[in-house]
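Number of protein chains: 4
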Amino acid sequence: MIGTLLIKCPDSKGVVASVAQLLFGFGCNIISSDQFSDIAADMFFQRVVFDYSDMLVGPGNTAVLERGITEVARKYSMDWRVSYSTKQKRMALLVSKLDHCLYDLLIRVENGEMENCTIPIILSNHPDLEVVAKRFNIPYRHLPITPKDAASKAAQEAAIEGILEEEGINLIVLARYMQIFSKDFCDRHWRHTINIHHSFLPAFEGARPYHRAHERGVKVIGATAHYATSDLDCGPIIAQDVTHVSHRDAVPDMVRKGRDLERTVLAKAVRWHLQDRIIVHDNRTVLFE
Amino acid sequence: MIGTLLIKCPDSKGVVASVAQLLFGFGCNIISSDQFSDIAADMFFQRVVFDYSDMLVGPGNTAVLERGITEVARKYSMDWRVSYSTKQKRMALLVSKLDHCLYDLLIRVENGEMENCTIPIILSNHPDLEVVAKRFNIPYRHLPITPKDAASKAAQEAAIEGILEEEGINLIVLARYMQIFSKDFCDRHWRHTINIHHSFLPAFEGARPYHRAHERGVKVIGATAHYATSDLDCGPIIAQDVTHVSHRDAVPDMVRKGRDLERTVLAKAVRWHLQDRIIVHDNRTVLFE
Amino acid sequence: MIGTLLIKCPDSKGVVASVAQLLFGFGCNIISSDQFSDIAADMFFQRVVFDYSDMLVGPGNTAVLERGITEVARKYSMDWRVSYSTKQKRMALLVSKLDHCLYDLLIRVENGEMENCTIPIILSNHPDLEVVAKRFNIPYRHLPITPKDAASKAAQEAAIEGILEEEGINLIVLARYMQIFSKDFCDRHWRHTINIHHSFLPAFEGARPYHRAHERGVKVIGATAHYATSDLDCGPIIAQDVTHVSHRDAVPDMVRKGRDLERTVLAKAVRWHLQDRIIVHDNRTVLFE
Amino acid sequence: MIGTLLIKCPDSKGVVASVAQLLFGFGCNIISSDQFSDIAADMFFQRVVFDYSDMLVGPGNTAVLERGITEVARKYSMDWRVSYSTKQKRMALLVSKLDHCLYDLLIRVENGEMENCTIPIILSNHPDLEVVAKRFNIPYRHLPITPKDAASKAAQEAAIEGILEEEGINLIVLARYMQIFSKDFCDRHWRHTINIHHSFLPAFEGARPYHRAHERGVKVIGATAHYATSDLDCGPIIAQDVTHVSHRDAVPDMVRKGRDLERTVLAKAVRWHLQDRIIVHDNRTVLFE
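Residue numbers (the UniProt record's numbering), protein chains in the order written: chain A, 1 to 289; chain B, 1 to 289; chain C, 1 to 289; chain D, 1 to 289.
Only chain A is shown next, with the shape it has when bound in the complex (with noise of 0.2 Å):
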């Protein structure tokens, strides 16, 4: 049974050890421990794996646990989050038309590559890629939205949520989902809500990136996994990759090579958060691969 603990607080010099002995403390292992100090920031970020099958509490009473966690951190003023390998992550994806980051997605878990988690439901607001959701056997919900109607949009929203709460789920992947959602669902859930957008951001923000990309004749196209804040495309990045183009690839070259790109920079994203290896600070994320 394993724990995975995020930390973030301001730098000081204690706090490692005093982490370690709360765990030793509780009888638990550290398995790992990886740290970061922001010197600029004056922050410190820490992630340690332990073993708790032999807590002296009982390994069932990870409340206790988070009791002396919770101590620990008011002490030194800590943001933290533990979860444990008891407790399958449940993953919504999200999809328009385009199916290749879906597949990629479906084919990881699959093959077991998504350690521990599980994909109860696939939303969409089209009914295209109902036929691929059968084909892994995975329930589909196509939740359309009327052009132009912002009561359509809204009740669409509100429906989404309604299943993401109905379903448990506790990480939504945007998987070339081509709405935009309104600021409070957005402010309500971005630190579990992936995006993957098909241009090397900062650059291309917004629609048909690899338009503008043809139009301003750059060399590399890229692809950028971010945590969805109501800021469009300005959330924090998790993962980014290029590949290189030349004159020769018109906007349809560009969108095919640009797929391999999204689906394995939303693939490592989706599987780093999954692992529990993403802290976020300040738009920024922290990322213990």
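Simulated from the structure, these hints should not be mistaken for laboratory data. Any given hint might turn out to be false.
For identical chains, the list gives no copy identity; a pair is met inside one copy or between any two copies.
Quick list of in silico lysine-lysine cross-link-like pairs, DSSO-like style, CA-CA up to 30 Å [stated by the list, open to error]: (1) 87 to 153; (2) 153 to 75; (3) 134 to 268; (4) 97 to 13; (5) 257 to 87; (6) 8 to 87; (7) 257 to 97; (8) 134 to 75; (9) 183 to 89; (10) 75 to 13; (11) 257 to 8; (12) 13 to 87; (13) 257 to 75; (14) 153 to 8.
Given chain A, work out where chains B, C and D should sit, using these hints.
Here is chains B, C and D on its own, set in the frame of chain A:
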């Protein structure tokens, strides 16, 4: 004796044959030929390398050959230019205080990596890098600017232009030269002025790109070599590359990692320009590698 | 109606003109032409794409055109082959138990990324991946081998060859097919058999390359797509790519990271082959991208 | 005053705490700590950076601290070494005729990119690069070898070893030094001797790797920095990188492209070594970046 002909014209069936016929007619041998049709723009681009040692009108009589090309060009509404291996390219390096791109180009020229070119002059608004110029026995001119004095800036620019003229310069390389030229200067010279910008454009145009990259929390940093038009950092892109960074990379780490990018990207662009491999169209470059 | 002509011959001045004249003479329009002279080997390579819709002898009469090409070829000692857009390529996928390359190719074909091809059959020495084939409605044949029984292996190979014949297959893709064919089979089929090997060849030819890469302590791992000659993992290389690894990557991590490489490298090679972009010479490939 | 402690030992629970306690006990402040557990090998690795300015026994008394470390090390069967910022590293560069790696390291040291090191001597079996050494005001010793004269080779090696001793060298960099040292020399020095090999090892060990890469028709070429053990090109790999090549790249193009790889890969390895970021185990390197 090798000539290189670059052609750009509206796409049309007979172009390749007409150019080939013309060169054969003059007794030139085509060594290599690369072409590209931009279907969306309905434009045709070609680079022809030919041996004119046995030209019927005599190898010294390239003016006659060029009259022939002019005839063909009129028929097809061609833009064209030709260069000859007998005429060495003369490259001026403009620098401020950073030496990595300067060293890099000096070494590559010394090594013979940049074919058929010489560096008659290094120009700078600071005296710092004269020591580097001396090591390679290249004249260095210090042309200072009084900060916030527009007249001083204009006078310095005029002095630079005078020297470029005097030295018969046909390629200006801004090797981390931290000054911006006037619109007039750019309009006159951008076709043979290459700048290196320390970001993957169009992200982080303008000042302090590494600082802004760090603030945005990007996971890749880049460098871009482009022709320096009067629209700052918006000229036609010649070469770009990126390298991965993580949360562990503070601004000075980005600066350090970026140096390696800047010098290789700039060197590529300069090399391609010197070998007449670049055609600009519509703020984009066609690059015959 | 589009034809693609691939040519290889000793370097000689008149080739380009002769081929162009021939095609024009038949009323074909050259759409694009790429050429390469290997100076060290004194060889010339060309790929010509032409429209033969308005061929004077009628577009159905490609046999006449080919007689014309044969004439020119004799003169220049050319190796050549031509393919026509009217004839869809038929690709067989051979797999064992790993599904990532199989899925990848199925999805790319479904997406239309692999132009003008169909997959009539998937063959395997194991039953495991029939479920994947079913999802994409493609016939799957399980042709088992009794381990250490040479006769069983020979019989299975004969069965495969029979099916390939029957299905009119013109590209065999070994998508992580973990069996080695006989020398005779390879000699007959290598020109249209692409294998993906999970290392950057020539390093780690043969079995268990990720284990050996880990043991050697390399900092990059790779994948190589190549034509499968009878000399194991020594055939002409079509595409290669690598990714960085660190001491933190144990063998299973390399296997996971390698999957992404294998599928993109294999897909590239298959795409280039299907588009007739590859000419083999002297165990190397000339690749008109 | 900063110390860096590198530790390697069989994995065991109390190590981290014991090391931390020891340093705290002496009044040292831990600035950063990185660790890695190799589960397959059951080994533990750690890099601890600490400030010993306020050490209780006085910052000059590191010998006492080291006695303390020895005690802890005995308990855990640790291999360890410690270095101090007060002691500048002394690096000898060995070269033959190629100057790109030499220039690169000289410039990086001049720029302050290689912290806390000096280059007291450049050694060569050829006189050619003395001109480069002079430009950077570094003593150059020409120690020729009579080809095919074993005694001359042995004498030259002895001379080199004498100079290294005399100059108090603690890092030997073979910056394209085209000679092979004797087994005895390697056995004595490999832990502080870094070589750059111009291929992605283990492919193309030994002579003329670019020629062999061209002959094999690879689509990537690489460079590898490694510790130079007596087993030629088989020592622990520190850094590797590759770049793409095509059929258009003849051997001289590979040589040119390879130069950029060689210098950046070598510089990385040298930097990591100088910063005490590398631990060797079982012919592999653990690299605390």
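Hint-by-hint comparison with the structure:
In this assembly of identical chains, the alpha carbons of residue 87 and residue 153 never lie at most 30 Å apart, being 33 Å within a copy and 47 Å across copies at closest. Taking the shortest Cα distances, residue 153 and residue 75 never come within 30 Å of each other, neither inside one copy (45 Å) nor across copies (57 Å). For the identical chains of this complex, residue 134 and residue 268 are neighbours both inside a copy (25 Å) and across copies (29 Å), given an alpha-carbon limit of 30 Å. Taking the closest pair of Cα atoms, residue 97 and residue 13 never come within 30 Å of each other, the shortest separation being 51 Å inside a single copy and 39 Å across copies.
Taking CA atoms no more than 30 Å apart as the test, residue 257 paired with residue 87 passes between copies only; the shortest distance there is 26 Å, against 37 Å inside one copy. In this assembly of identical chains, the alpha carbons of residue 8 and residue 87 lie at most 30 Å apart only when taken from the same copy (23 Å versus 35 Å across copies). With identical chains, the CA atoms of residue 257 and residue 97 are at most 30 Å apart both within one copy (18 Å) and between copies (28 Å). In this homomeric assembly, residue 134 and residue 75 never come within 30 Å of each other (Cα to Cα): the closest approach is 51 Å inside a single copy and 58 Å across copies.
For the identical chains of this complex, residue 183 and residue 89 are intra-copy neighbours only, at 25 Å inside a copy versus 50 Å across copies, given an alpha-carbon limit of 30 Å. Within a single copy, residue 75 and residue 13 get their C-alpha atoms as close as 12 Å, and across copies as close as 27 Å, so both meet the 30 Å cut-off. In this homomeric assembly, residue 257 and residue 8 come within 30 Å of each other (Cα to Cα) only across copies, at 27 Å, whereas the closest approach inside a single copy is 38 Å. Taking the shortest alpha-carbon separations for residue 13 and residue 87, only the inter-copy value of 27 Å comes in at or below 30 Å, while the best intra-copy value is 33 Å.
In this assembly of identical chains, the alpha carbons of residue 257 and residue 75 never lie at most 30 Å apart, being 50 Å within a copy and 38 Å across copies at closest. Taking identical chains as interchangeable, the C-alpha atoms of residue 153 and residue 8 are never at most 30 Å apart, the minima being 37 Å within one chain and 49 Å between chains.
Comparing the model with each earlier hint shows violations of hints 1, 2, 4, 8, 13, 14; every other hint is respected.
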